[in-house]
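Quick mapping for you: the protein sequence lines, in order, are chains A and B.
Mapping of the first sequence onto this note's numbering: position 117 corresponds to residue 117, and the numbering continues sequentially without gaps.
Mapping of the second sequence onto this note's numbering: position 223 corresponds to residue 223, and the numbering continues sequentially without gaps.
Mixed in with the good hints, there may be bad ones.
What the hints assert, rightly or not - For the chain A half of the interface with chain B, some residues (derived, Cβ under 7 Å), not all of them:
no. : residue
1   : 52
2   : 71
3   : 72
4   : 76
5   : 82
6   : 90
7   : 169
8   : 171
Hints in this document: simulated from the structure, not taken from any laboratory.
Given the structure is predicted, the values throughout are model-derived calculations rather than measurements.
Each residue gets a CB set at the ideal place from its N, CA and C atoms; glycine is no exception.
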Amino acid sequence: MAFIEIRNLFKRFKNVVAVNHIELEVNKGEMLTLLGPSGCGKTTTLRCIAGLEKPEEGDIVIDSKPMLSEGFVHPSKRGIGMVFQNYAVWPHMKVYKNIVYGLRLQRLSKKSVKERALEVLELVGLKGLEERYPAQLSGGQQQRVALARALVRNPKVLLLDEPLSNLDAKLREKMRFEIKSLVRRMGITAVYVTHDQAEAMVISDRIAVMNSGRVVQVGTPEDIYGRPANRFVADFIGTMNFLAGEVVRVLQDDAHAVYVRTEFGETMLCRTPHSMATTPGEKVYASIRPEDVEVFAAPPQSRENLVRGTIVHKAYLGNFLFIFVSVNGNLIRVQVPHHLPQEEGQELYLVLDPQKCMILS
Amino acid sequence: MTRGNILLATLLWSVIAFLVVYPLSILVVESFKIAETGTWGISNYLEFFEDAYYLKIFGNTLVLSTLVLLSTTIFGVPLSYILARYRHWGKTVFTALILLPIVLPAYAGVFAFIIFFGKYGTVNLLLMEMGLIKTPINLIYGLHGLVCIQTLHMLPFIALSLSAGFTNIDPSFEEAAEVEGASGFWRFFTVTLPLCTPSYLAGAVIVFLWPFTDWLTPLILGQVDYLPSIAYINIAYHFTDMHRKYMGIVAVVVSSAVCIILFLLAKWWVERKKYTGLSKGTTSEGRVIEPGPLIKVGSYVYMVCIAILVLLIPVVLGLAAFSRRWVFEPFPTYWTLDNFRLILLETPLLIKNSFVFSGVALFFGIAFGLPAAYLIVRTRVPGKDALDFVITLMLAFPGMAVGVSYLLAFWQAIPLATHWVIMPLALFARRLPYFLRMAHSSYLQLDISLEEASEVSGAGKLRTFLNISLPLLLKGVLVGVVMFFIMAFQEISTAIFLYRGGWETLPIGIYLNWHRGMEFGIAAAMAFLMIVVTFILLLIISRIGGGVLKAAWGPGGT
Chain A
1 MAFIEIRNLF KRFKNVVAVN HIELEVNKGE MLTLLGPSGC GKTTTLRCIA
51 GLEKPEEGDI VIDSKPMLSE GFVHPSKRGI GMVFQNYAVW PHMKVYKNIV
101 YGLRLQRLSK KSVKERALEV LELVGLKGLE ERYPAQLSGG QQQRVALARA
151 LVRNPKVLLL DEPLSNLDAK LREKMRFEIK SLVRRMGITA VYVTHDQAEA
201 MVISDRIAVM NSGRVVQVGT PEDIYGRPAN RFVADFIGTM NFLAGEVVRV
251 LQDDAHAVYV RTEFGETMLC RTPHSMATTP GEKVYASIRP EDVEVFAAPP
301 QSRENLVRGT IVHKAYLGNF LFIFVSVNGN LIRVQVPHHL PQEEGQELYL
351 VLDPQKCMIL S
Chain B
1 MTRGNILLAT LLWSVIAFLV VYPLSILVVE SFKIAETGTW GISNYLEFFE
51 DAYYLKIFGN TLVLSTLVLL STTIFGVPLS YILARYRHWG KTVFTALILL
101 PIVLPAYAGV FAFIIFFGKY GTVNLLLMEM GLIKTPINLI YGLHGLVCIQ
151 TLHMLPFIAL SLSAGFTNID PSFEEAAEVE GASGFWRFFT VTLPLCTPSY
201 LAGAVIVFLW PFTDWLTPLI LGQVDYLPSI AYINIAYHFT DMHRKYMGIV
251 AVVVSSAVCI ILFLLAKWWV ERKKYTGLSK GTTSEGRVIE PGPLIKVGSY
301 VYMVCIAILV LLIPVVLGLA AFSRRWVFEP FPTYWTLDNF RLILLETPLL
351 IKNSFVFSGV ALFFGIAFGL PAAYLIVRTR VPGKDALDFV ITLMLAFPGM
401 AVGVSYLLAF WQAIPLATHW VIMPLALFAR RLPYFLRMAH SSYLQLDISL
451 EEASEVSGAG KLRTFLNISL PLLLKGVLVG VVMFFIMAFQ EISTAIFLYR
501 GGWETLPIGI YLNWHRGMEF GIAAAMAFLM IVVTFILLLI ISRIGGGVLK
551 AAWGPGGT
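Please model the complete structure; the sequences and the hints are all you need to start from.
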């Protein structure tokens with residue numbers, strides 16, 4: 001049984017439905033990320049787990065104990081640690097007092113409180129700053145205080161609400177790895193909320209993509225990127241080219257391979273990502289990531305999904321080059337190594353890898 | 001929404017219903033009473049709006065309001081611009097001095113001005129001694145004096161709101177205007193001033209309503225043909241003529257209605273027109289420039305002039321307080337401590353009453369205000385917005401309306417007016433918004449996640465409040481506490497209707513002793529004492545609140 005179970009959770013604010021009957025499970029020791037655009041309900045879901053919001057319907061079970069159905073369990077009784085987006089480090093308390101606040105509420109000896117606090121301070125790399133006030137700390141250090149405070153009571157569940165969004169880009173990248181290794185080392189079950197897909201890919205064991213109050217897809221980062229469940233997921237995670245089309249024929253020997261008619265040509269060979277069955281005539285989108293398009297100066301010999309186009313635009317991004325190619329008036333984004341000489345206006349041939357080209361509804 | 005919150009809301013609402021809604025509705029009901037027949041009807045109102053005399057005083061009040069607003073604006077615009085935009089030495093001191101009248105009681109100003117600018121006051125006597133004039137000039141008795149004194153009293157409200165406006169404008173708006181080719185005056189009138197309209201209006205409405213509230217200044221200057229003064233005379237002096245009493249009540253209701261309506265209109269307009277949301281945040285200082293030498297000298301002269309006028313009040317009252325028989329002399333010649341001996345040793349009752357009543361009112365204020373602020377900011381209990389609304393409305397209600405309504409409401413059915421607790425209760429109801437707004441705004445600034453972090457860490461609601469919320473709210477709450485105390489300490493409009501023998505407070509003592517003519521030394525000493533108390537309290541606020549500016553008005557500007 002999963003460590004955290006979210007059952008049929010429903011929460012609304014006045015007339016706006018924030019969380020619309022979602023089901024979600026988090027396994028013990030796993031880091032699950034709720035990923036989605038702003039307003040998708042990810043933070044509300046997290047706050048429901050924390051007990052900071054009371055949902056109208058549904059139940060949340062943490063470590064086999066229901067938090068709602070057998071009477072509302074107050075946040076202080078849930079055994080959770082939480083890192084807030086703005087850190088919420090109490091400005092009137094020194095670092096040490098901030099960290100031991102929760103410990104002091106437990107019946108512990110002064111000595112063991114101190115031992116535990118120093119241990120956590122060491123863990124997050126704040127040793128020697130115990131006597132500072134939060135105003136004397138940098139943003140990154142305040143973030144560590146918030147993390148230490150959340151971890152000090154050995155919580156069953158760690159909740160992180162966009163903890164890195166207020167840090168600068170370099171520090172954010174560093175903290176991703178630190179948080180991940182820290183949580184993994186301690187073996188805590190963690191739920192992480194972010195709108196940054198790169199952050200989600202790096203930090204999570206599994207990702208739950210949310211959109212307008214619903215969970216759209218749950219899976220490992222590889223699943224989500226390589227086999228997105230629908231157009232929304234494919235578009236939100238990474239970059240995707242979509243070509244509107246219609247299924248022409250399903251291959252007999254491989255039910256997952258279909259021919260689609262798009263504006264690029266009569267027959268594009270695509271794969272269906274999941275066990276979804278398609279029938280000829282269905283309206284779909286043939287989708288391909290920019291890195292899955294091969295570029296040739298001259299037409300290669302007999303390849304599937306070969307089209308001819310003109311470069312209209314190029315963008316140099318350092319480690320690679322983005323080119324925008326016009327094919328029959330449709331723009332397609334292609335990622336190519338930067339050493340390939342590409343000029344705007346140049347004609348070239350594209351092969352849309354049939355193994356990577358998928359159809360999405 | 002827990003049961004506890006609903007219980008709290010019910011409790012707070014019953015207090016408001018008993019101390020605000022009930023008495024004020026009694027006031028309105030009484031205004032419909034017809035003296036001759038003892039029945040109810042609208043004839044009082046018909047008479048009020050048909051009688052040439054009442055119409056005239058209504059018009060007078062409107063004219064006075066307009067003139068006061070006009071002159072505060074004319075003097076206030078350059079003043080606030082200087083305070084907000086120019087880098088100059090002694091900014092804090094000047095700001096504090098110019099804002100001082102906010103915390104000084106209005107009657108202190110009138111008394112000081114009569115002593116200094118009166119018919120045989122210091123100025124006239126000096127001018128005659130110098131041979132510049134033969135007979136004294138009428139400097140203050142009349143509309144011009146009224147406008148003058150009320151302008152000085154209300155100038156800080158305009159200065160505060162406008163300078164807040166000037167400070168909060170995103171500098172890039174003005175820079176854009178300058179890049180487009182506008183400079184100096186053109187930029188000021190086309191961009192800066194229009195952007196300030198919402199904050200100007202917030203102050204302007206308070207200024208405009210003051211003549212509908214202030215009964216004492218016209219009365220003392222012998223100008224009774226204004227709405228609040230006539231109301232006071234009708235109710236306080238003509239109680240044997242029931243009809244005149246009811247007409248007085250009608251006058252109170254009419255001026256209250258004007259106050260409420262204008263206040264609400266301004267509030268609605270300001271909230272609709274807030275421009276500050278358009279900008280991406282600004283520096284805390286706003287745009288500060290180094291003025292040229294000529295402008296710098298000019299602005300110093302301007303500020304010093306206003307500061308001298310303000311300082312006249314405590315200085316003149318101080319001179320009068322430490323002297324005896326200061327008449328027909330430009331400055332006192334006979335110095336004595338007699339006045340203080342009289343107040344402090346022989347009749348310390350007034351001082352005791354003032355402290356006790358304000359203190360008890362303050363206790364009620366905290367006991368009510370803190371839970372109310374919590375309820376309004378942190379919960380979603382139905383009716384909490386209405387609670388906020390009703391309490392905010394009390395800002396606009398004339399003090400006299402509260403006093404009269406308490407007298408009517410707590411006389412027969414609920415005979416509370418025979419117990420001294422009516423005094424602090426009335427002070428509490430009247431000055432509540434001052435504390436609540438302060439507690440409210442500090443609660444708004446307290447990020448809710450700080451409290452949530454505590455709950456997640458294992459603390460209950462009460463412990464969270466004591467360990468996290470209260471220490472972080474303390475500064476704002478303390479400023480609110482002191483502000484409330486200052487305002488309750490100098491309250492006269494409400495108390496004058498409710499006090500009985502033995503319940504006199506300092507303001508009432510000042511008023512009564514002034515009436516006794518030659519005893520104005522005692523009145524001045526009392527006023528001086530009150531100013532000293534106010535000063536000490538202000539100093540305390542500036543210590544805790546950081547800055548005299550905040551001390552005078554609290555965080556968050558208007």
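Results for each hint:
no.: 1; hint: 52; in the structure: 5 Å, holds
no.: 2; hint: 71; in the structure: 13 Å, violated
no.: 3; hint: 72; in the structure: 9 Å, violated
no.: 4; hint: 76; in the structure: 4 Å, holds
no.: 5; hint: 82; in the structure: 4 Å, holds
no.: 6; hint: 90; in the structure: 6 Å, holds
no.: 7; hint: 169; in the structure: 20 Å, violated
no.: 8; hint: 171; in the structure: 21 Å, violated
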